[in-house]
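These are the residues of each chain, in order.
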Amino acid sequence: MPLCPQITITPITVTTSGMTTASVIAANAPATTEQLTTTSASAAAALAAANAAQADAATALSAANTAYTTAINSLQPSAYAIQNPTTKQLTAIDATGLTVYSGASSTSGARVVLNSTGLAGFNSGGTATFSVSASTGAAVFSGDVTGATITGGTLNIAGNAIINSSGYLTATGATITGSITATSGSFTGNIYASGGTIGGFTIASNYIYSGSSLGIYSDGTITGGNSSTLFYGYANIGGGTAGSERLIVTGNSSFDGTGIFLNNLTTYTHFFSPYATNVTAAANGYRVSSSGRLTYTTASSQRYKHDIVDLVSISEYNPKKLLNLPVRAFRYNENYVTPTDERAEVLIPGFIAEEVDAIYPIACDYSETQGPESWNDRILLPAMLALIQEQEKRIQTLEGK
Amino acid sequence: MPANAPTLTVAFGLNGTFTNVSADLILTVDIRRGRMYQDVFIDAGTATVVLNNQSGAFDPSNTSSSWYNTLIAGMQVRISGNSTVIYTGYLEDNMVNQGIYPTVSLTFVDGLATFGKTIAPALATSAYSETAAARATRVLDIAQWPAGSRSLTGTTVMLATGQGISCLDMLEQCANVVGGRFYVSRTGVATLVPLANKFSRPTQLLFSDQGDANSVGYDGIITNPGTDYVYNQAIVDRGPGLLQYSSTFNASVTTYGLKSKKLDAPSNTTTAATNLSLYAARKDADAAVLVEQLDFTPIGIGALATDFLETELNDLVTVKRVTYDGRSISINCVVEGMAHSITSDNWRVSYFTSLVDPYTIAL
Numbered sequence: 169m170p171l172c173p174q175i176t177i178t179p180i181t182v183t184t185s186g187m188t189t190a191s192v193i194a195a196n197a198p199a200t201t202e203q204l205t206t207t208s209a210s211a212a213a214a215l216a217a218a219n220a221a222q223a224d225a226a227t228a229l230s231a232a233n234t235a236y237t238t239a240i241n242s243l244q245p246s247a248y249a250i251q252n253p254t255t256k257q258l259t260a261i262d263a264t265g266l267t268v269y270s271g272a273s274s275t276s277g278a279r280v281v282l283n284s285t286g287l288a289g290f291n292s293g294g295t296a297t298f299s300v301s302a303s304t305g306a307a308v309f310s311g312d313v314t315g316a317t318i319t320g321g322t323l324n325i326a327g328n329a330i331i332n333s334s335g336y337l338t339a340t341g342a343t344i345t346g347s348i349t350a351t352s353g354s355f356t357g358n359i360y361a362s363g364g365t366i367g368g369f370t371i372a373s374n375y376i377y378s379g380s381s382l383g384i385y386s387d388g389t390i391t392g393g394n395s396s397t398l399f400y401g402y403a404n405i406g407g408g409t410a411g412s413e414r415l416i417v418t419g420n421s422s423f424d425g426t427g428i429f430l431n432n433l434t435t436y437t438h439f440f441s442p443y444a445t446n447v448t449a450a451a452n453g454y455r456v457s458s459s460g461r462l463t464y465t466t467a468s469s470q471r472y473k474h475d476i477v478d479l480v481s482i483s484e485y486n487p488k489k490l491l492n493l494p495v496r497a498f499r500y501n502e503n504y505v506t507p508t509d510e511r512a513e514v515l516i517p518g519f520i521a522e523e524v525d526a527i528y529p530i531a532c533d534y535s536e537t538q539g540p541e542s543w544n545d546r547i548l549l550p551a552m553l554a555l556i557q558e559q560e561k562r563i564q565t566l567e568g569k
Numbered sequence: 128m129p130a131n132a133p134t135l136t137v138a139f140g141l142n143g144t145f146t147n148v149s150a151d152l153i154l155t156v157d158i159r160r161g162r163m164y165q166d167v168f169i170d171a172g173t174a175t176v177v178l179n180n181q182s183g184a185f186d187p188s189n190t191s192s193s194w195y196n197t198l199i200a201g202m203q204v205r206i207s208g209n210s211t212v213i214y215t216g217y218l219e220d221n222m223v224n225q226g227i228y229p230t231v232s233l234t235f236v237d238g239l240a241t242f243g244k245t246i247a248p249a250l251a252t253s254a255y256s257e258t259a260a261a262r263a264t265r266v267l268d269i270a271q272w273p274a275g276s277r278s279l280t281g282t283t284v285m286l287a288t289g290q291g292i293s294c295l296d297m298l299e300q301c302a303n304v305v306g307g308r309f310y311v312s313r314t315g316v317a318t319l320v321p322l323a324n325k326f327s328r329p330t331q332l333l334f335s336d337q338g339d340a341n342s343v344g345y346d347g348i349i350t351n352p353g354t355d356y357v358y359n360q361a362i363v364d365r366g367p368g369l370l371q372y373s374s375t376f377n378a379s380v381t382t383y384g385l386k387s388k389k390l391d392a393p394s395n396t397t398t399a400a401t402n403l404s405l406y407a408a409r410k411d412a413d414a415a416v417l418v419e420q421l422d423f424t425p426i427g428i429g430a431l432a433t434d435f436l437e438t439e440l441n442d443l444v445t446v447k448r449v450t451y452d453g454r455s456i457s458i459n460c461v462v463e464g465m466a467h468s469i470t471s472d473n474w475r476v477s478y479f480t481s482l483v484d485p486y487t488i489a490l
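For the record, the sequence lines run as chains F and S. Those letters in the first sequence? Residues 169 to 569, per our numbering, in order. Those letters in the second sequence? Residues 128 to 490, per our numbering, in order.
Because the hints were derived from the structure by calculation, they are not lab data. For glycine and all other residues, C-beta sits at the position ideal for the given N, C-alpha and C. A portion of the hints provided could be inaccurate.
[As the list claims (entries may be wrong)] Among the chain S residues that face chain F by a calculated CB cut under 8 Å, a handful are:
#1 Gln271
#2 Gln371
#3 Tyr486
[Said to hold, decoys possible] Which stretches of chain S does chain F cover? Using the computed rule of at least three CB atoms under 8 Å from a CB of chain F, they are:
#4 361 to 370
#5 398 to 406
Using the sequences plus the hints, can you model the full thing?
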């Protein structure tokens, strides 16, 4: 604010008091005689009147156009035709029935015909596009049928896919793409799929699998866990009463090309069935090796042998040595045999492998790490027989004397 | 220049960047703004700056001068006192004196000159019923006046105007329609002030020949009994073919005879046009003594220097004097124009004023 005193002005509003006012029309340049003599008319008012008149004229013209259109639309082509005033479509009422058409003729081109035989539609080329029979109710559509719900009896698509009122789908040679979701139901016939899922199982061209948990392949392979192979090849377990045949694998026991490996023979002594009723009469059989493996026993055919000599001719194997082999009675150690075994904790007759080894070592089987393990009856018995034969000869000699 | 005089600064610039001219090279500065008489439309503000050109620095053809390529048409000048801008204009003429004492005389004009030289094209129909402020904006756009240098107020609605008139004439129409004024401020702002705003103008200075507190002394005064400026009939001309409205203040006609003036004011409504004629017929209908010109030296006025330098056209001043016969007179004035004549050792100022009138009306 400036330093000096401020001037205060009290406004005075001007009024018409003491005033003379007038208004005249200013002349256009160059002025005309008419303009100069005009004193009462207002050019502005005249312009407004002209504008109003123009607006009225426009309104009248619009009304006239509307009336003209209405009049034109009211004219009908004939006494048997009705024309839609907006779309100009015609409806013919004649011997054919009721025909709605837009072309020049009610019997050709695009039209819809309704009569006692039913309802029929035709395209601009005169080709039938749909029909509904009044007598049978049969409907034919050349285009697509769309809608939210289709109700009725059976939906038959060219005989290749049929859905009846019970919900059964019969598809012949059909390919279904997309997802099929069902809470229950069944399929008959074959299901071919190159991909997709069923109940969480993925279908591929040659297998179905559920993540990495289980896979079943068309070549018989079954995988589980981290997609490692559980089974490959042929398996025929049982064939008899369910539950009587079984395959049990525990701990680190395994099967491979070299044999069956059981981790704890002290617990499961019967790693093969002692109750088998069918045995072979073949010379070759099986035995348990000193390392616990089930192996073939040697066969006795001459086809497998050479350097065949009489046992007594081999001094090292002189069966008389067996006369020095102690025959013992003993109990098996605790937990060596199944506690329920009938011979557990009872004295049973037998040999001691270490004594067999000392007397007749060829008949002793050895552990890979612990020395003498068992005695071999397929060796000890022939030697015993040779001893019996020798004694028989001596008996007969003594008796003949 | 005495030490207690406002510090003069002259700066030249292009595109809003100004460089001060060395003060010791400034010989004279003359500024004219506003109008000398209240019954004429405002003139373009001018400034003439004469500089010592012994170095040839202000010769626009001197390629070695630091002012080369600055002293060109459109160069802006900003003249300030104590850092307060008192004039803003654009270079119009450059006279180089190659005599014994080389000088250069630079003449500047403000935006009003630009508006006077720009012819407005026909207005679009969308402009037929716009406010005076909108019309002024449209005109200033035509004249390419910077949008940031405008202060436009005026709500009275205007009619379309004829074509082929200058932007300045159209701006005068805007001022007439709102019963106000249009001018370019000391800082270069195009300003439209309506009638109602005249009551809020500040009183910038008190002039006294008796040494009143916070007053500025003056050494020259021209008073006028006021009869020269009596107008008791006003005709509002809205354009060819349209109604003109005239009002006559009968009492004044009885005293002074009929004195008419015409306002080129295309008001859109009958009421606005009628009221404008009533106002114009009344506000100058009474003769009264006024100060037509007041001369003073703004040196040694202390803190009043700021009020002096910030005085704008249409601001108010009060002039007190004691007549030779001993009568004390106080006259409230409106600054209609001003002139600064500044040399190396003096600063002379003349204010051209009109009488403050209290009349108003709704427009």
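So, going through the hints one by one against the coordinates:
1. Gln271: violated, 31 Å
2. Gln371: holds, 5 Å
3. Tyr486: Cβ of S/Tyr486 sits 5 Å from chain F, so the hint holds.
4. 361 to 370: That given contact holds, which follows from 7 residues of the stretch 361 to 370 of chain S lying within Cβ reach (below 8 Å) of chain F.
5. 398 to 406: Satisfied; 5 residues make the cut.
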